[in-house]
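Student: Put chain B on the given structure of chain A with help from the hints.
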Amino acid sequence: MTTQQSIQPLVRVRNISKHFGEGPTRVDALRDVTIDVQPAEVVALLGPSGSGKSTLLNVIGCILDPSDGTLDLEGGPVFAGGHWLRSDLRRLRLDKIGFIFQFHNLLPFLDATDNVALVLQLAGHEASAARIRAIELLDYLEVGHRRHAFPAKLSGGEAQRVAIARALANKPRIILADEPTAALDSKRAGIVMDLLRRLAMDQQAAIIAVTHDEKIYDRFDRIFMLRDGRLEREERRSP
Amino acid sequence: MNLAFRDIRHNFFRFFLTCVGLGLLLGVVMAMIGIYRGLVVDALTIARAPAVDLWVVEANSRGPFAAASRIPGDTREAIARLAGVAAAGSVTYQTVETEYRRAKLRLYVIGYELTRPGGPPTIVAGRSIGRARYELVADRTTGIELGDRIKLGRATFEVVGLTEHQVNSGGDPAVYVTLADAQRLQFDVSPSAARVQVAKGAGIASRDNVNAVIAKMSPDASPDLLADIVRRWKHLTAITQTEQEAILTKSLVDRARRQIGLFTSLLLTVSAVVISLIIYTMTLEKIKQIATLKLIGAADRTIVGMIVQQALSIGIIAFSIGVGLILAIKDSFPRRVVIEPDNVAALGLVVVFICIFSSGLGVRAALRVDPATALGG
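Those protein sequence lines, which keep their order, are chains A and B.
If you want our numbering, it's the position in the first sequence, counting the first as 1, plus 2.
If you want our numbering, it's the position in the second sequence, counting the first as 1, plus 7.
Isolated chain A (complex conformation):
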């Protein structure tokens, strides 16, 4: 039983399609895409512009309605039969999914601690408990010394680590990263990827990143190549 649970994918995408418009204006952004992502796995969605990788990330993040297919998160069905099976997708995101953005997207009027604590408070944690947990996360990500700094005073690498702390605040097991290293130089990009890998291992989380950053391709366990909305190929790597 334990073995079965451990191999159950955290993200299970089956024959997901997404089209925009109808008739002559119809655009098929995703066509029958099927992927699984296991716990402790770090995968990348690659492809040229318009290949559907951001659309797929949005579908997995429950931001965009698929046209067809099924989506399971942490073993539970979330989308099937053309409709969402959960009424409160925002709550689902809050509880199960962490987001990491290209430009960190920290709220500029909150300091590092409060940016992280906010997510915990949104989930219903007491303010004091949220701050304690936030500080623990910042320490874990080695930016604890910058806990009182506002985003404008953080370096790119520090801001991205605070953003990762925010993504991890509610202990989600699915982390979606949109170009997480695009705004960083090679050294900091490497540090962030190491961090993500450590998180994946420590928390048995699935990390799915959209990236164009060739210098970090070798940091992923698997790479899904998309083209014209289709999954063109899957490459398994040994980082």
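Since the hints were derived computationally from the structure, they do not count as laboratory data.
Some hints here could point you the wrong way.
In silico negatives: residues of chain B with every beta carbon more than 10 Å from chain A [said to hold, decoys possible]:
hint, residue
1, R16
2, N18
3, S68
4, T102
5, L319
6, I324
So the derived label-pair ranges between C-beta atoms look like this [stated by the list, open to error]:
hint, chain 1, residue 1, chain 2, residue 2, range
7, A, D90, B, N9, 46 to 54 Å
8, B, A352, A, G77, 53 to 61 Å
9, A, S157, B, N18, 50 to 58 Å
Every residue, glycine too, gets a C-beta built ideally from N, C-alpha and C.
Tutor: Frame of chain A; chain B shown alone:
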């Protein structure tokens, strides 16, 4: 965690400047309301000063303030003898321009009988008029000081007392003189004009005229009944105090009231548009932040609460600044500005309503934000 407060604190200087700007606008709105109130109070001040119940004036006139009125001086004796009249007095009202300390000064000269109703309601400095001639009590806003001598017509008067808040509906400060002095000032013609009248065979017109006779009633008497009795005398008409005040507020200051009311409405509309634009612009600047909040799971009420709280904060702080400013400088206005607590409360409620209504635009924009906006560059 209060996001609205954190955002305000982070951008406090900008927020404060916005509040000051809006506060000045709301201050102007409050000032306009105060000016209107002052106009009404000023219009009623002179009519209320003698604290009487009945005004007897020339027939077919709505005098002595809204229209001219001239009646014989002995009318007072006839009125005083009527049943129910406790006290009666003759009064004259006249606007005079004179010179004081090398500057033109417009005065509203009120003539009254020293021992009868019609004199200044309070003396704040000096004393009441004690002599039958050439003494004067002036309103403080004239700038005249105790002991000064001032020329009215051909006579020079000594200022023996000061009163305050006694101005006519035009804002001219009042001075009180004896009825005899006032009659000379108003009804005496110049020697050359008198000679012309004599040459015409018209004779010298009597000076013993007054503009009105005012009467205080006994507690058990009805001003309306007495007014009906007086109206039977064909050469006179009677106006109760209530009717006099209605004439002053609905007739004399009506146009000014409507003008100020319209201007105040325009200012409130401008304030509403400005508040709407400020909130809408603030929201548009936060589109990415709002998208991020939605993406990480913030409920709509969290986002709406942030916008509405900021709108209310701006409105309430700006309103406080505006009211505080006007309260601080209201006495520097050339005319009276009356800030009543009920007016302040009403404007406060209007501002709160405008803020909530105006934040609707921002809320609408925020609720339309796609969480996916947070992703990508």
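Student: Could you tell me which of the numbered hints above are not met by this structure, giving the numbers in increasing order?
Tutor: 1, 2, 7, 9
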